[in-house]
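Protein chains: 2
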Amino acid sequence: MWPLTIILLTNILLAMSQIHKIVLKERETLIERELKMMVGYSIELSATELVANEIIMDLKRKEIDYGFWNPKYYHLLKHFFEYKELVKDTKLYKILKSMPKGAVLHGHDTGMLGPDYVLELTYCDDLWICFKEDQSDVNFVFAKHRPTGWCATKWERAMDIRRTTNATEFDAKLRKFFTLVVVNPQEVYTDLDTVWDYFMKYFIRTGPLFTYKPVWEKYYYDTLFALREDNVMYFEIRTVLPPLYDLEGNIYNSVDTAKSYKRVTEKFKKDYPDFFGAKLIYAPVRSVARETLKNYIKVAKEIHKLMPDFLAGFDLVSQEDLGKPLKEFYPDLAKSGLNLYFHAGETNWYGTSTDENLFDAVLLGTKRIGHAFALVKHPLLMKEVKKRKIALEVNVISNVVLKLVDDVRNHPLATYLSQNMPVVLSSDDPGVWEAEILTHDFYVAFMGVSSRHADLKMLKQLALNSLYYSSYGEKHKLVREFQIRWMKFIGSILKMK
Amino acid sequence: MWPLTIILLTNILLAMSQIHKIVLKERETLIERELKMMVGYSIELSATELVANEIIMDLKRKEIDYGFWNPKYYHLLKHFFEYKELVKDTKLYKILKSMPKGAVLHGHDTGMLGPDYVLELTYCDDLWICFKEDQSDVNFVFAKHRPTGWCATKWERAMDIRRTTNATEFDAKLRKFFTLVVVNPQEVYTDLDTVWDYFMKYFIRTGPLFTYKPVWEKYYYDTLFALREDNVMYFEIRTVLPPLYDLEGNIYNSVDTAKSYKRVTEKFKKDYPDFFGAKLIYAPVRSVARETLKNYIKVAKEIHKLMPDFLAGFDLVSQEDLGKPLKEFYPDLAKSGLNLYFHAGETNWYGTSTDENLFDAVLLGTKRIGHAFALVKHPLLMKEVKKRKIALEVNVISNVVLKLVDDVRNHPLATYLSQNMPVVLSSDDPGVWEAEILTHDFYVAFMGVSSRHADLKMLKQLALNSLYYSSYGEKHKLVREFQIRWMKFIGSILKMK
Numbered sequence: 001m002w003p004l005t006i007i008l009l010t011n012i013l014l015a016m017s018q019i020h021k022i023v024l025k026e027r028e029t030l031i032e033r034e035l036k037m038m039v040g041y042s043i044e045l046s047a048t049e050l051v052a053n054e055i056i057m058d059l060k061r062k063e064i065d066y067g068f069w070n071p072k073y074y075h076l077l078k079h080f081f082e083y084k085e086l087v088k089d090t091k092l093y094k095i096l097k098s099m100p101k102g103a104v105l106h107g108h109d110t111g112m113l114g115p116d117y118v119l120e121l122t123y124c125d126d127l128w129i130c131f132k133e134d135q136s137d138v139n140f141v142f143a144k145h146r147p148t149g150w151c152a153t154k155w156e157r158a159m160d161i162r163r164t165t166n167a168t169e170f171d172a173k174l175r176k177f178f179t180l181v182v183v184n185p186q187e188v189y190t191d192l193d194t195v196w197d198y199f200m201k202y203f204i205r206t207g208p209l210f211t212y213k214p215v216w217e218k219y220y221y222d223t224l225f226a227l228r229e230d231n232v233m234y235f236e237i238r239t240v241l242p243p244l245y246d247l248e249g250n251i252y253n254s255v256d257t258a259k260s261y262k263r264v265t266e267k268f269k270k271d272y273p274d275f276f277g278a279k280l281i282y283a284p285v286r287s288v289a290r291e292t293l294k295n296y297i298k299v300a301k302e303i304h305k306l307m308p309d310f311l312a313g314f315d316l317v318s319q320e321d322l323g324k325p326l327k328e329f330y331p332d333l334a335k336s337g338l339n340l341y342f343h344a345g346e347t348n349w350y351g352t353s354t355d356e357n358l359f360d361a362v363l364l365g366t367k368r369i370g371h372a373f374a375l376v377k378h379p380l381l382m383k384e385v386k387k388r389k390i391a392l393e394v395n396v397i398s399n400v401v402l403k404l405v406d407d408v409r410n411h412p413l414a415t416y417l418s419q420n421m422p423v424v425l426s427s428d429d430p431g432v433w434e435a436e437i438l439t440h441d442f443y444v445a446f447m448g449v450s451s452r453h454a455d456l457k458m459l460k461q462l463a464l465n466s467l468y469y470s471s472y473g474e475k476h477k478l479v480r481e482f483q484i485r486w487m488k489f490i491g492s493i494l495k496m497k
Numbered sequence: 001m002w003p004l005t006i007i008l009l010t011n012i013l014l015a016m017s018q019i020h021k022i023v024l025k026e027r028e029t030l031i032e033r034e035l036k037m038m039v040g041y042s043i044e045l046s047a048t049e050l051v052a053n054e055i056i057m058d059l060k061r062k063e064i065d066y067g068f069w070n071p072k073y074y075h076l077l078k079h080f081f082e083y084k085e086l087v088k089d090t091k092l093y094k095i096l097k098s099m100p101k102g103a104v105l106h107g108h109d110t111g112m113l114g115p116d117y118v119l120e121l122t123y124c125d126d127l128w129i130c131f132k133e134d135q136s137d138v139n140f141v142f143a144k145h146r147p148t149g150w151c152a153t154k155w156e157r158a159m160d161i162r163r164t165t166n167a168t169e170f171d172a173k174l175r176k177f178f179t180l181v182v183v184n185p186q187e188v189y190t191d192l193d194t195v196w197d198y199f200m201k202y203f204i205r206t207g208p209l210f211t212y213k214p215v216w217e218k219y220y221y222d223t224l225f226a227l228r229e230d231n232v233m234y235f236e237i238r239t240v241l242p243p244l245y246d247l248e249g250n251i252y253n254s255v256d257t258a259k260s261y262k263r264v265t266e267k268f269k270k271d272y273p274d275f276f277g278a279k280l281i282y283a284p285v286r287s288v289a290r291e292t293l294k295n296y297i298k299v300a301k302e303i304h305k306l307m308p309d310f311l312a313g314f315d316l317v318s319q320e321d322l323g324k325p326l327k328e329f330y331p332d333l334a335k336s337g338l339n340l341y342f343h344a345g346e347t348n349w350y351g352t353s354t355d356e357n358l359f360d361a362v363l364l365g366t367k368r369i370g371h372a373f374a375l376v377k378h379p380l381l382m383k384e385v386k387k388r389k390i391a392l393e394v395n396v397i398s399n400v401v402l403k404l405v406d407d408v409r410n411h412p413l414a415t416y417l418s419q420n421m422p423v424v425l426s427s428d429d430p431g432v433w434e435a436e437i438l439t440h441d442f443y444v445a446f447m448g449v450s451s452r453h454a455d456l457k458m459l460k461q462l463a464l465n466s467l468y469y470s471s472y473g474e475k476h477k478l479v480r481e482f483q484i485r486w487m488k489f490i491g492s493i494l495k496m497k
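Protein sequence lines correspond, in order, to chains A and B. Position 187, counted from 1, in the first sequence is what the numbering used here calls 187; the numbers after and before it change by one each time, with no gaps. Position 190, counted from 1, in the second sequence is what the numbering used here calls 190; the numbers after and before it change by one each time, with no gaps.
I should point out that these hints are in silico values taken from the structure, not numbers from a laboratory. Be aware that a few hints might be false.
In the DSBU-like style, the derived pairs of lysine-lysine whose C-alpha atoms are separated by at most 35 Å in a straight line are [what the hints assert, rightly or not]:
#	chain 1	residue 1	chain 2	residue 2
1	A	K21	B	K327
2	A	K387	B	K367
3	A	K294	B	K367
The structure presented is a predicted model; accordingly, all values stated were derived computationally and were not measured.
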């Protein structure tokens with residue numbers, strides 16, 4: 001009898017292994033099907049891109065697998081301040097730096113450049129400085145003669161201080177006022193309100209330094225330069241359009257400031273014809289009375305009339321939880337006729353008025369949403385956003401520094417990427433946290449947030465998204481040039497082999 | 001001409017206000033439509049439930065709005081250890097405590113009761129204690145005579161130590177070994193691996209204390225008692241089924257341990273006939289060779305044969321990132337014929353083998369998923385899970401303590417709730433972090449994670465889900481009794497008014 005038993009057993013075992021194979025096949029198919037839902041997975045890579053992809057993915061997988069087994073030593077599980085310089089030495093970072101990244105669609109006027117740059121600005125002639133009595137803060141102003149008022153101690157020329165004291169020490173002291181970076185962020189920035197307080201103080205403190213017209217224009221010119229250096233080809237700047245001033249006592253209004261922006265943009269494009277320029281999103285502070293908002297809209301319309309191609313549209317800024325919800329401005333915003341690019345859902349407070357700004361932004365016909373951090377809790381809105389092709393301007397590092405999320409792996413971007421939401425990566429105020437103007441955000445998103453499987457297709461799509469969802473007029477030109485640069489980039493990676 | 005202008009203007013203004021109203025209406029409709037997608041929103045509340053709901057929602061909104069404007073002082077933005085005792089005094093906590101919460105479907109054998117209870121166990125006769133030389137750890141064993149081995153210092157009777165030294169101080173020292181709670185969790189538990197190390201040591205250290213058969217049975221009896229006190233009516237316990245021992249030198253195997261569980265369950269049901277009992281999920285550790293797994297399955301089958309109604313099914317436990325991925329056990333698990341209740345996706349590592357345990361769990365036909373923390377990054381699987389009615393056993397406090405997420409508002413549960421995923425709230429190992437056996441998890445989910453709008457309907461649905469997705473045989477009886485208790489609960493809230 002036993003030969004029959006053996007045959008039977010063999011058959012059963014064969015059938016078993018058959019079932020096992022079928023299940024494993026099903027597993028593969030399911031994972032594959034889901035991967036195809038990710039951002040970028042409709043892209044077909046060329047033969048050379050496939051080779052470049054393997055180089056990139058080898059590096060990515062090696063780093064992530066190291067982190068998986070050694071989480072204590074993995075950069076991306078620490079605070080951004082701890083690893084931001086360290087990662088710059090990695091091959092992957094360098095690749096991402098050299099990668100054409102498309103456009104920056106979410107960046108704020110005086111938050112783009114870091115403290116070393118701002119410190120340099122304090123070497124400009126005619127800058128006066130006043131320290132608070134306890135040295136805890138500092139005021140600036142440009143003037144021909146010693147200013148009066150706004151100072152409890154004494155206004156002194158920056159130049160004189162440097163001549164009469166230790167300039168190195170003085171610079172080190174000053175630099176601290178131009179950055180949020182500290183060695184112990186968890187202790188200093190105990191909660192979201194606290195870090196926003198420091199963040200707002202940066203803008204208030206540096207206001208009179210930056211709004212000196214020559215400095216304003218220089219800062220913006222150098223911002224464009226930094227973007228270009230970081231392989232960004234186009235910029236949409238959110239600006240509060242503050243009044244500028246000069247040494248002659250002239251005060252320039254918001255429309256003048258917009259004109260300044262336009263003039264500098266044109267100069268920059270002339271100096272660097274490979275850069276595709278910039279547009280403005282007028283984005284004044286949101287915590288205002290309705291009358292003020294009406295005035296904002298008037299200003300925006302005036303600018304639109306004067307420079308219809310230069311003004312992309314309108315937004316409202318500053319800490320969303322403390323500001324007015326959009327719904328309070330409904331009639332004014334609805335009938336404004338302006339293109340809207342609202343910040344919305346930059347909050348953790350699910351079901352509050354801030355959270356519901358997401359509904360208002362969508363209903364008001366926003367073209368893109370700034371942050372959209374809370375959108376992941378809104379299944380209906382997520383569908384609407386996809387259907388209406390409203391891009392999400394995601395700023396991961398900003399959300400970490402400003403304490404919406406600690407562990408980048410919990411950032412909702414992971415979910416948005418997994419569902420091919422119309423995501424655009426941006427950097428918000430990279431200078432204030434000493435990030436590079438865009439590369440760091442790509443690095444963190446790619447290495448910390450996206451799936452271990454997410455590859456060159458995703459990177460390319462994210463760059464392309466920033467062009468598709470921009471308000472640039474002739475997008476085909478933008479995309480064509482992008483493709484040329486992309487091929488060069490791929491070639492440069494292949495040389496690494 | 002101007003009367004005509006006025007008429008025209010009036011008409012325009014009227015039309016404007018009309019548009020405004022329409023937009024606001026659309027807004028309301030959209031928010032309403034999305035709310036209807038949430039967990040519990042198909043439930044129609046009775047007139048009395050509506051009144052109770054208003055009482056609950058007044059309390060909830062007041063607390064959340066306070067937090068919104070005073071985040072620095074809001075309990076739920078701190079670490080659980082900081083607020084766990086404080087919230088117990090709130091009205092809402094007391095309501096949730098008195099609320100019938102259904103079943104606990106995800107709890108581990110010796111993680112259910114807190115350090116005060118465990119300390120009491122060390123008063124049992126015949127307990128011997130051995131401290132490490134540096135006092136950094138402690139071993140226990142029950143024995144008639146002084147044990148030999150397993151001790152670098154000296155085995156001493158607990159009773160003798162208490163008699164010869166300061167018992168209060170000794171108890172305080174001992175208690176620390178029975179809890180993860182510390183005053184500075186962020187400093188002690190720097191990363192996930194570190195906290196898991198402490199967590200595992202708790203189980204290793206207390207092993208010989210708990211596996212003394214009389215203690216094991218007492219602990220389990222008292223666990224059922226604590227559940228009943230917390231208004232839980234049924235329990236599915238995940239157990240490693242360790243060998244038990246007694247003073248006579250007998251060692252009982254896993255099947256015997258299962259029998260112990262069954263006997264105590266029956267005794268408890270006799271003592272408290274209003275409790276609906278318990279079932280076992282045999283859940284040994286996952287970091288084993290395939291041969292060991294085969295043996296696990298053999299044991300599970302044996303138990304199933306002996307007590308088909310008492311064994312709910314099979315699972316694998318301990319730190320998922322460090323364990324074997326499910327796919328390595330595919331053929332054995334696929335053909336086991338057991339009901340499966342897998343832990344899966346208790347990880348932040350998107351796209352790794354741990355993350356993909358979610359696919360394997362689903363493909364292997366798991367009835368529920370333990371944690372499913374990472375599921376939010378898997379759009380296809382989310383659909384599958386909903387279609388196949390696979391419940392997600394979410395343990396928010398566990399995920400905070402074990403460092404998957406810091407800010408509870410970023411827990412993926414918020415997304416699961418928003419999409420009416422089949423969620424069941426549970427508590428994992430509440431004793432180890434000194435949480436109440438279920439109420440704290442309801443409190444944190446309701447006040448910290450769910451929408452400000454989420455109300456009694458959600459609470460009721462979550463309790464009902466724990467019954468629907470249980471493996472209890474006669475669910476209609478369970479649900480009928482639940483409804484009776486629910487009505488009493490509603491009555492008690494109404495009396496508060």
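So, going through the hints one by one against the coordinates:
no.: 1; hint: A/K21 / B/K327; in the structure: holds, 12 Å
no.: 2; hint: A/K387 / B/K367; in the structure: holds, 34 Å
no.: 3; hint: A/K294 / B/K367; in the structure: violated, 57 Å
Of the numbered hints given earlier, the model fails hint 3 alone.
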